[in-house]
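**Q** Protein chains in written order, with this note's numbering: chain S, 1 to 307; chain H, 1 to 307; chain W, 1 to 307; chain F, 1 to 307; chain B, 1 to 307.
Heads up, some of the hints might be wrong.
Keeping only pairs whose Cα atoms sit at most 25 Å apart, straight-line, the calculated DSS-like set for lysine-lysine is [unchecked claim]: (1) 219(W) x 207(W); (2) 224(B) x 247(S); (3) 177(H) x 180(W); (4) 6(S) x 298(S); (5) 180(F) x 219(W); (6) 247(H) x 289(H); (7) 8(B) x 180(H); (8) 177(B) x 247(B); (9) 224(B) x 8(S); (10) 180(F) x 177(W); (11) 247(W) x 180(F); (12) 22(B) x 247(S); (13) 6(W) x 247(W); (14) 177(W) x 224(H); (15) 301(W) x 8(W); (16) 298(F) x 6(F); (17) 247(S) x 180(S); (18) 163(W) x 6(F).
Please keep in mind that the hints were generated in silico from the structure rather than gathered at the bench.
So the chains spell out like this:
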Amino acid sequence: MQLTAKVKEILSWYEGENPGVKGNLARLLMNGRLAGTGKLVILPVDQGYEHGPARSFAPNPAAYDPHYLYQLAMEAGLSGYAAPLGLLEQGADTFAGQVPTILKMNSANSLAAGGGDQAVTASVDDALRLGCVGIGFTMYPGADACYGMQEELRELSREAKSKGLATVVWSYPRGGKVSKDGETALDIVAYAAHMAALMGANIIKVKPPKALIDLDAAKATYEKAQVPMGTLPERIAHVMQAAFAGKRIVVFSGGEAKGTEGLIEEIRQIRDGGGNGSIIGRNSFQRPKAEALDLLDKVVKVYLGQA
Amino acid sequence: MQLTAKVKEILSWYEGENPGVKGNLARLLMNGRLAGTGKLVILPVDQGYEHGPARSFAPNPAAYDPHYLYQLAMEAGLSGYAAPLGLLEQGADTFAGQVPTILKMNSANSLAAGGGDQAVTASVDDALRLGCVGIGFTMYPGADACYGMQEELRELSREAKSKGLATVVWSYPRGGKVSKDGETALDIVAYAAHMAALMGANIIKVKPPKALIDLDAAKATYEKAQVPMGTLPERIAHVMQAAFAGKRIVVFSGGEAKGTEGLIEEIRQIRDGGGNGSIIGRNSFQRPKAEALDLLDKVVKVYLGQA
Amino acid sequence: MQLTAKVKEILSWYEGENPGVKGNLARLLMNGRLAGTGKLVILPVDQGYEHGPARSFAPNPAAYDPHYLYQLAMEAGLSGYAAPLGLLEQGADTFAGQVPTILKMNSANSLAAGGGDQAVTASVDDALRLGCVGIGFTMYPGADACYGMQEELRELSREAKSKGLATVVWSYPRGGKVSKDGETALDIVAYAAHMAALMGANIIKVKPPKALIDLDAAKATYEKAQVPMGTLPERIAHVMQAAFAGKRIVVFSGGEAKGTEGLIEEIRQIRDGGGNGSIIGRNSFQRPKAEALDLLDKVVKVYLGQA
Amino acid sequence: MQLTAKVKEILSWYEGENPGVKGNLARLLMNGRLAGTGKLVILPVDQGYEHGPARSFAPNPAAYDPHYLYQLAMEAGLSGYAAPLGLLEQGADTFAGQVPTILKMNSANSLAAGGGDQAVTASVDDALRLGCVGIGFTMYPGADACYGMQEELRELSREAKSKGLATVVWSYPRGGKVSKDGETALDIVAYAAHMAALMGANIIKVKPPKALIDLDAAKATYEKAQVPMGTLPERIAHVMQAAFAGKRIVVFSGGEAKGTEGLIEEIRQIRDGGGNGSIIGRNSFQRPKAEALDLLDKVVKVYLGQA
Amino acid sequence: MQLTAKVKEILSWYEGENPGVKGNLARLLMNGRLAGTGKLVILPVDQGYEHGPARSFAPNPAAYDPHYLYQLAMEAGLSGYAAPLGLLEQGADTFAGQVPTILKMNSANSLAAGGGDQAVTASVDDALRLGCVGIGFTMYPGADACYGMQEELRELSREAKSKGLATVVWSYPRGGKVSKDGETALDIVAYAAHMAALMGANIIKVKPPKALIDLDAAKATYEKAQVPMGTLPERIAHVMQAAFAGKRIVVFSGGEAKGTEGLIEEIRQIRDGGGNGSIIGRNSFQRPKAEALDLLDKVVKVYLGQA
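Starting from the given sequences, assemble the full structure and let the hints guide the process.
**A** Here it is as structure tokens:
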């Protein structure tokens with residue numbers, strides 16, 4: 001596999017990692033239509049666990065079949081596919097070696113009250129036997145359970161890396177001192193990205209930040225330093241800065257399903273701010289396949305600089 | 001990674017393996033110039049351990065530097081590179097993700113008397129942290145230590161597979177009831193391939209067989225069954241048959257350094273007999289790089305059906 | 001699965017075993033045409049490992065494909081199929097749940113000099129993941145390595161039983177004070193069965209005994225006690241007695257390939273002596289399938305009391 | 001269970017042991033007709049393993065059934081029953097809690113040449129799950145394998161005691177500098193008892209010693225110290241002295257089958273010399289049950305001081 | 001600790017190692033009078049174990065006290081001090097943090113027959129609790145026990161590195177196909193260095209090579225390749241080449257005690273050939289302290305280029 005200069009540069013940032021982890025990051029960065037660009041588009045499907053099957057798949061019933069999700073990621077030429085244990089198992093053999101997969105290690109369900117925790121639902125050895133390139137983990141900084149979640153992450157990440165797997169962290173602040181609206185405030189998202197980097201995340205997933213500072217204690221700093229935040233590219237750039245001066249891969253969610261044009265425009269701004277890519281879930285698998293492939297084609301073209 | 005129909009067929013033969021193992025077999029089968037053909041050419045460098053540095057590298061001193069060996073495998077567009085711990089470590093970071101590697105788990109040295117054993121010199125976790133696609137192990141059926149070696153292989157293979165790594169077995173009968181000349185007799189090589197398959201090898205490496213039956217007890221069978229063995233392709237076909245009716249990947253060594261034309265002709269016959277490929281060590285790394293690349297180009301072309 | 005009174009009685013003999021082991025014995029005793037009779041006919045295929053592929057499969061080349069062997073056991077309506085790791089793996093998925101399997105844990109090869117040892121070539125966890133009902137192990141009482149083999153058996157048996165798997169022991173005295181001819185002497189075979197029972201074997205496999213006492217030290221006892229041994233049924237009865245007064249399942253091999261009529265007559269006498277069944281390897285898989293099915297039909301009919 | 005003063009005194013000698021081990025010693029010392037006397041008569045049945053089934057059970061075929069052996073020990077009112085894994089398993093459930101059992105951990109067979117080793121054929125966890133009070137182990141000081149056997153004993157004894165089980169050691173010198181005749185010489189038997197005590201045996205089993213000094217190096221010492229050895233009671237007293245000045249339980253075998261009166265007289269002398277009891281195997285289970293019970297009644301009466 | 005460009009370059013060669021190992025190599029390379037030069041002089045004291053205390057320390061009785069040995073290394077401004085468990089323990093607290101130490105993991109004694117093996121006498125955790133920078137291990141390639149020793153080294157090295165400790169290997173061929181005189185032949189020493197590198201040694205210790213080729217099989221190669229070997233610097237250069245083209249640290253022993261001038265001249269040639277340094281044991285600690293310090297001052301000056 002011939003690595004591009006861009007991918008080699010990215011790998012060089014991960015000086016603390018062993019060749020196994022770097023090799024798996026390379027597999028992800030060299031797969032699909034964005035291979036070699038340093039950009040990533042990943043299909044995540046943890047909605048079924050989190051919101052139930054009907055809310056996830058009824059809009060496009062073909063997606064009830066786990067094979068459909070593998071095929072969607074492959075046909076769209078995405079970088080990789082992330083899902084919980086059951087979804088990956090139902091397809092890992094059929095599609096072995098055909099698309100990089102990330103095993104989502106913890107899962108929330110919307111029957112539980114609260115919403116500030118998740119269950120660890122897979123093991124690192126599962127990821128190895130399923131042939132994954134890495135593990136995925138969600139943490140909720142601010143939530144009552146946040147320290148426990150971080151300790152789970154620390155242990156899973158340590159084991160995963162020692163066995164050559166990359167670690168992808170969904171860092172979603174909520175609860176505690178974080179207001180509901182503030183979950184996507186600039187200071188909170190930057191803080192989320194930074195905390196994930198500090199815990200050793202190889203790839204960090206956060207939400208696009210709003211022009212808002214949520215923590216009172218942070219407001220003076222942001223004012224004094226005059227951090228630019230008027231435009232989304234400026235805010236993305238600040239988040240990248242918080243991720244070790246841009247030396248960690250950061251990808252952004254598309255958030256709630258929205259119109260295609262709105263989504264594409266947001267992704268264009270993520271790209272312009274220096275973000276490494278997007279994770280596109282509901283916006284893709286809840287549409288009929290043809291429409292989903294059309295949307296993902298547009299997204300990929302944005303990161304290829306063609307749109 | 002788009003798998004070809006041929007590679008999918010090969011993977012379908014490994015019904016006992018988990019997706020991790022199949023994924024790593026796919027990485028090997030989809031790398032380099034032979035990607036997707038179901039054929040493999042692998043660079044093995046365990047000569048330094050087995051015969052000492054000068055006998056291995058003095059003919060082409062550039063090869064004293066471990067980076068050279070990675071580069072040779074990559075520039076020649078080979079399927080993969082197999083070597084002991086130290087050689088892989090000294091390059092695994094620089095070339096992370098650029099060429100599938102196989103960690104050779106045991107090593108002989110030619111200072112020891114006897115020659116019927118090897119030391120286990122690496123662990124499965126080493127293979128994981130170095131980002132290898134599999135482990136390699138040599139066994140000597142017939143040798144005094146053969147049962148012990150097989151027990152080491154069983155344990156390493158079990159651990160490797162449970163962690164998604166493929167197992168490559170060098171099956172080289174010697175000692176016991178095997179005569180020196182008989183080490184490459186047809187019955188012995190077929191037995192060697194069969195035994196490796198029975199022990200769970202995913203890829204089997206044997207030597208090209210001669211038109212000779214070594215075990216007295218086997219002669220009547222070969223005569224009665226009239227197993228064709230007059231030509232090398234016929235003998236290769238018999239070895240493939242012994243490997244679960246052709247459902248295991250079997251690659252052949254080039255043996256002692258010989259003239260280029262002789263080597264290419266032999267490889268042509270291995271191909272015609274249905275062999276999956278070649279392992280080319282001394283014949284390549286002991287020549288100046290340009291000559292080595294030229295030779296390897298010829299070898300690859302044979303398996304591409306272009307020569 | 002409705003157990004017959006006969007099977008319930010047999011299970012009642014194994015009072016030391018946990019329900020998992022008893023359940024797996026029941027699966028074996030309730031499978032195939034002999035289901036519920038307390039009789040067993042098992043297909044063992046370890047010849048390829050022990051004598052090489054050609055000597056094993058050249059007489060009937062279809063048997064080079066491991067699937068053939070599963071199919072033979074199933075089509076013949078046998079109780080179960082016993083084989084080494086590689087053979088079981090290459091079919092365990094396709095035929096999952098269709099025939100009880102026994103993983104042969106150790107294997108000899110005929111390239112090694114001596115012949116008084118085997119290599120442990122599988123693990124108990126392999127048997128579990130392949131869905132086997134039990135493990136199989138060969139010991140050679142009398143051989144130089146006999147104490148080591150017994151220690152391997154003890155450890156594998158302990159682990160297997162703790163995980164609910166049955167233990168099948170091939171008890172074949174050789175070497176030490178046992179003469180070549182004496183390997184099938186009555187005192188030796190009875191001793192072999194007794195020793196296996198003492199080590200906790202659930203099913204014991206021995207060879208049909210001859211009217212011969214091999215150990216000088218045992219001759220006086222046999223004379224004084226006037227143990228009947230003139231006919232094979234009498235000798236079989238003595239072996240059963242040595243197996244905890246008939247409270248262990250004992251099956252007999254057919255030995256070297258012989259004429260069909262001779263084999264059937266021998267089996268009739270094993271049945272008449274109270275033996276629990278037969279293990280039929282080479283005599284079946286080395287014949288064309290139709291002939292093999294015909295032979296196995298005859299064997300089954302003997303144990304059904306129909307021939 | 002109300003302990004007698006005698007049993008409390010004996011337990012007080014084992015100051016290095018935990019309460020679990022002492023409790024199990026108490027169970028043995030408080031069972032059967034000798035309960036509370038500090039004397040022991042144990043039924044050992046390892047003859048089947050060591051000499052084969054016919055030499056062991058043909059004289060009294062009822063003994064082929066393992067249940068018979070439990071019943072014999074119970075009906076005779078013995079202190080306990082010692083046997084290998086298979087024999088104990090075949091009865092442990094039926095007779096659970098009815099007689100203290102000792103699991104014999106290693107076993108010799110008389111097919112093997114040499115005779116200076118045994119196979120470890122059970123595990124400490126087996127003893128626990130079978131409800132035994134202790135483990136039994138044979139060592140052969142002097143044999144080529146003696147260091148290995150002692151390392152096995154050390155490890156098994158350490159594990160057994162840590163789990164509350166008592167350790168019984170059969171200490172039978174043979175080989176090395178020990179002459180055949182000297183195996184029961186006074187110096188050798190005393191040394192055997194001492195070595196077992198040094199290795200942590202809770203109960204020591206040796207053979208009755210002859211009036212002979214076997215090691216040249218020991219002769220001067222025995223002469224100079226004028227150790228009394230003219231009578232068996234004197235020799236027994238010396239052996240007890242060698243067992244930490246009598247602070248270890250030492251029991252004696254009856255050796256080869258002999259006439260009833262000779263056996264009873266020997267036991268009377270063992271008692272008079274201060275021995276703790278006898279292990280009576282072949283002399284009991286090879287006789288018809290009524291005769292065996294009669295004999296054992298006589299033996300017990302000797303230790304009760306009634307004969 | 002400010003690293004010099006030379007030390008940074010050396011660390012860059014160890015691309016397979018984690019930062020913990022690199023940090024400990026840096027501690028060694030930045031200590032004493034040679035700090036930062038890329039050269040090392042180490043005091044090893046394993047003579048007491050190998051030859052007994054009197055043969056080791058009677059010539060300079062002050063050295064019976066382990067503190068003396070720490071002090072000698074420190075006062076001489078050496079790079080580090082290597083010794084077995086007992087010697088390091090007796091001083092590790094007093095001199096904590098004052099001199100880098102290497103725990104010698106295996107030890108020979110001259111009472112044992114044979115001489116081709118050593119006992120592992122320490123653990124990696126001992127090295128950690130004693131604050132060592134690395135572990136030391138001796139292997140004897142060629143000896144009957146060589147494969148076992150290499151397996152011990154592999155396991156100890158894997159554990160040591162995973163815990164951030166460097167691995168130092170004494171690679172001393174003997175036995176097997178190596179003649180007594182050939183133990184220091186050029187081909188043998190180069191092979192010894194290469195094998196250590198392949199096993200993952202961070203620092204390799206060999207003996208200065210003689211102008212001799214010992215293995216018949218290697219003679220043709222050396223002649224054909226015309227490897228320069230007339231002078232010691234040429235031979236040292238060949239050994240360095242065998243150590244991954246000079247990318248491993250190789251230090252040389254001073255061998256048998258010899259005159260000061262002879263020793264200094266040899267070290268000058270080791271330096272000129274590109275060797276990384278010397279290990280000076282008996283030549284220093286068997287002299288009175290003032291003489292020893294004088295000698296070590298001369299040695300250090302050679303590596304500083306001042307003599």
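**Q** None of the hints should be skipped; say for each whether it holds.
**A** Verification of the hints:
1. 219(W) x 207(W): Judged against 25 Å, a Cα distance of about 20 Å means the pair holds.
2. 224(B) x 247(S): violated, 51 Å
3. 177(H) x 180(W): Holds, at roughly 20 Å.
4. 6(S) x 298(S): holds, 22 Å
5. 180(F) x 219(W): It holds: about 24 Å lies between the C-alpha atoms, which stays within 25 Å.
6. 247(H) x 289(H): The given pair, whose Cα atoms are some 35 Å apart, is violated under the 25 Å limit.
7. 8(B) x 180(H): With a Cα-Cα distance of about 51 Å, the restraint between residue 8(B) and residue 180(H) is violated, given a limit of 25 Å.
8. 177(B) x 247(B): violated, 28 Å
9. 224(B) x 8(S): violated, 41 Å
10. 180(F) x 177(W): Distance of about 19 Å is within 25 Å: holds.
11. 247(W) x 180(F): It is violated: about 39 Å lies between the C-alpha atoms, which goes past 25 Å.
12. 22(B) x 247(S): holds, 22 Å
13. 6(W) x 247(W): holds, 12 Å
14. 177(W) x 224(H): violated, 37 Å
15. 301(W) x 8(W): With Cα atoms ~22 Å apart, residue 301(W) and residue 8(W) stay inside 25 Å; holds.
16. 298(F) x 6(F): holds, 22 Å
17. 247(S) x 180(S): Distance of about 29 Å is beyond 25 Å: violated.
18. 163(W) x 6(F): violated, 44 Å
Violated hints, listed in ascending order, are 2, 6, 7, 8, 9, 11, 14, 17, 18; each of the other numbered hints is respected by the structure.
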